[in-house]
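Dock chain C against the given chain F, drawing on the hints supplied.
Protein chains in written order, with this note's numbering: chain F, -14 to 310; chain C, -14 to 310.
Incorrect hints may appear among the rest.
Coverage of chain F stretches by chain C, computed from C-beta distances (three or more under 8 Å per stretch; other residues unrestricted) [claimed, not checked]:
# : region
1 : 96 to 104
2 : 122 to 134
Some chain F residues flagged as far from chain C (calculated, every beta-carbon gap over 10 Å) [claimed, not checked]:
# : residue
3 : 0
4 : 7
5 : 12
6 : 40
7 : 157
8 : 292
9 : 302
Derived by calculation from the structure, the hints in this document are not laboratory data.
Cβ atoms here follow ideal geometry from the backbone N, Cα and C, with glycine treated the same way.
There are 2 protein chains.
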Amino acid sequence: MDSMNGTDHESETPTLKIKAFFESAPPLKDAAEIETKLKEFVDRNSSSSENGKANRVVCVTSGGTTVPLEKRCVRYIDNFSSGHRGSASTEYFLKAGYSVIFLYRRGTCQPFCRSLPDDPLLECFTSTDDSSIQVDPSHAEVVKRAITETRSAVNGGFLLKLPFTTIFEYLQILRMIAVSLRSLGPSAMFYLAAAVSDFYVPWESMTIHKIQSGSGPLDMRLAQVPKMLYVLRNEWAPVAFCISFKLETDTDILLGKADMALKKYKMHMVVANELSTRKEEVIVVTEQEKITVRRDTTQAGADVENPLIKLVVDMHSAYINHSDA
Amino acid sequence: MDSMNGTDHESETPTLKIKAFFESAPPLKDAAEIETKLKEFVDRNSSSSENGKANRVVCVTSGGTTVPLEKRCVRYIDNFSSGHRGSASTEYFLKAGYSVIFLYRRGTCQPFCRSLPDDPLLECFTSTDDSSIQVDPSHAEVVKRAITETRSAVNGGFLLKLPFTTIFEYLQILRMIAVSLRSLGPSAMFYLAAAVSDFYVPWESMTIHKIQSGSGPLDMRLAQVPKMLYVLRNEWAPVAFCISFKLETDTDILLGKADMALKKYKMHMVVANELSTRKEEVIVVTEQEKITVRRDTTQAGADVENPLIKLVVDMHSAYINHSDA
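One chain only, chain F, in its complex shape:
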């Protein structure tokens, strides 16, 4: 259970905790550059719509965050996430006319690249006798799609890719995005598919040097990461449409945890998924209902993100209309 350590002032605690978290976090190296990119992206999407309304913009988070165990980092705790859900969802959001800020873990799956092999350069290309580089015919289609679709979305100004590695980078960039999307009101969406660490070693209490493998076992105490969803909804982006994800390996506790996240963090939607079946189906939990979304098994290569994003877009439309009324 996500208890608040027994305090009566539940609403104050996450805010103070996240304040302390940011104050002790190592500063973001390329903050100014990210700020500029975000400003350009949001400006373009605020002014480019035809009907006077802002474009719809979704921030998709993808991949897992790391938690360093040492300041001069040799070891860290990582959360498993291939980034498949986030990158696939980004493709469908773009198709549905959204502009996407793709906040992704370095090295994880990229939009339009899902069908590529692990090491596309070495597996998809050959060099010919006159030593020019050629795509292997068996991979030609997926390689072409990856390159052309990515270039078109990025150059067209519909896709902004921002990488992170640590939990410190992730939360700081997410806050910058949230603040910069405020001007879009309910047209902005957060689709938080990243696997965010629950536990971390506070920067100020972290050892500077590599932990020595001494005699005997290593005992570690990890602190809880402050509940960022609460602060996102209540302070950073109070008007945006917010969707969080709940991944569990134990089906018995999944829906209970999803329900709790919905109420506690006032999410508009929680996508509940179980580790072993997450590519087959997810359960969309809202205040009103629970909807099971399954991939179309009659179609080869069909994924669960296709119907999921259709449902998300419909619900976002209803939310915008309701906000206008």
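Frame of chain F; chain C shown alone:
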């Protein structure tokens, strides 16, 4: 200090510990396939030499191992390592006439790919108007080199690439390699550049489900990974030339730790490197001497692996000659 928990039977303990480690480890999924590849590779290198002696074969390990914290793994501890040292060294070993078994962490740097950008497919290629794929002229040389050199080494039978992720996979594959290289005697070398976890959660004591972010901090107790270097030298590959690496962030303790590793595990050489200067210089520690190896700063793009591998090859030659005598 790497004490042996106060036992008098120091030489027995690592063997028993590693036995227990393997017995409790999850079995390797593709063990049969790896076995076949190794057999073909070693057979080819045992018979192809002209003077009746076996080819020189080096097993280069590269990248960091992960330690799962849950059986249905969502979280794990990782060791930072880009795989740059291992992949660069592999290139120079191939150039020096060695055949290389490259045991690498999935997703880390590959031989001949060091100069490529993070996401080579999306950054190096463009699609033309007739929708064919072209290499961007500014990246043409590095892309061509990566593809042609890799194909040539793999297809020529000089380079066998084997990936791992967890500490369990790493140690099991390393043992298979060590056993299969025994027939090559002193012509075999182990160049252990991978960043191997010192601590792990024993499989049988691991939680099955995702650890819940409950109320308050998380306390973890991690066991020490058995000292594999000892078993490698004493049992798996007693005649091979063995080089291990010592990375520290604290210069003051680095050489002491390197000396200790040399004596305790009977390594032929320990390469000592400090995190912040590891791309500029390393110190080669042997029983006889300590040699500082620096990259040639007068040459643009020169790396420390070039002179390092020259020194390693010379010392391996002396070792082989000494064994013959």
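**OP:** Give me the numbers of the hints this structure contradicts, sorted from smallest to largest.
**Re:** Of the numbered hints, all hold.
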